[in-house]
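With chain A held as given, fit chain B onto it using these hints.
From first to last, the protein sequence lines stand for chains A and B.
Just so you know, the first sequence maps onto residues 1 to 111 in my numbering.
Just so you know, the second sequence maps onto residues 1 to 117 in my numbering.
Just so you know, these hints were derived from the structure itself, not from any lab.
We put the beta carbon where it would ideally sit given N, CA and C, even for glycine.
Mimicking DSBU-like on lysine-lysine, the simulated pairs with C-alpha atoms at most 35 Å apart in a straight line are:
1) A:Lys52 - A:Lys13
2) B:Lys73 - A:Lys57
3) B:Lys55 - A:Lys57
Chain A is faced by these chain B residues, among others (derived, beta-carbon under 8 Å):
4) Arg43
5) Gln44
6) Met45
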Amino acid sequence: AAGVIQSPRHLIKEKRETATLKCYPIPRHDTVYWYQQGPGQDPQFLISFYEKMQSDKGSIPDRFSAQQFSDYHSELNMSSLELGDSALYFCASSRTSAEQYFGPGTRLTVT
Amino acid sequence: AQTVTQSQPEMSVQEAETVTLSCTYDTSESDYYLFWYKQPPSRQMILVIRQEAYKQQNATENRFSVNFQKAAKSFSLKISDSQLGDAAMYFCAYRSAWETSGSRLTFGEGTQLTVNP
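Next up, chain A with everything else stripped away, as it sits in the complex:
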C-alpha cells in the first residue's frame, strides 16, 4: 500500500537560512498534518490542511508557513532558521477519518 512520502529525508541548514519540506499524502487522502518532534520529545502539532484550506493551527512559529496544493501535496516553509528548529518533522495524512498515517519524517539539522 502507498504511504506518505516526505522529502528530503535529511536536511542540513545554517542559522538564518530557509528550508522547504515537502509532503505527498496517501492517494485519495484529503487532509495533511505537520508535526515537529524535538529530541526526546513527543510530536507537537504545527498545522493542518483540509481540501487545500487551513483547518487547524497549533504552535507554529510565525517564521513558518505552509500550504496544500491542488494535487494535495503540502509544503512547509521555514525561514530565519534557528538552532532550536533542529527536529524531526512529520507529515501525516487522513481521509475524512480519525486515523492519521505518518510519513517517515524529515530530519532537519540547523548549524
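Relative to chain A, chain B alone:
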C-alpha cells in the same frame, strides 16, 4: 485543552510475556478517539490501535488490545506474547471527534518499551 499523560517513561518485558502500558487523559468532550502509536528506532510513527469513545467494546488488533475506561479517562495498551520487534517508544494520543477533518493529535510523553530475550 486536552492533555495526555503517560506515567511510565520506561517499561521492560521478557520475550513471550505480557506487558501493559498506561495512559490517562483529560478532556471535557464526550466524543473523541484514542490511539496508540509505536515509534521504533527508525523513528517512523506506526499506528498500532484505535478506540472510539462511544464504543464500549475494547479494541483489539492481533496481540495488541486496549482497556478503555471512559469514566476514569484511562486507556491502557496490553501487548501479549511480546516479541523483540515490539521494542519501541509507544505514544498514546487523543483526537477530538467534533471536527471530521483537520483535528490535531495530542500525544503523551511516551513510554520506552524494552523487550528482553
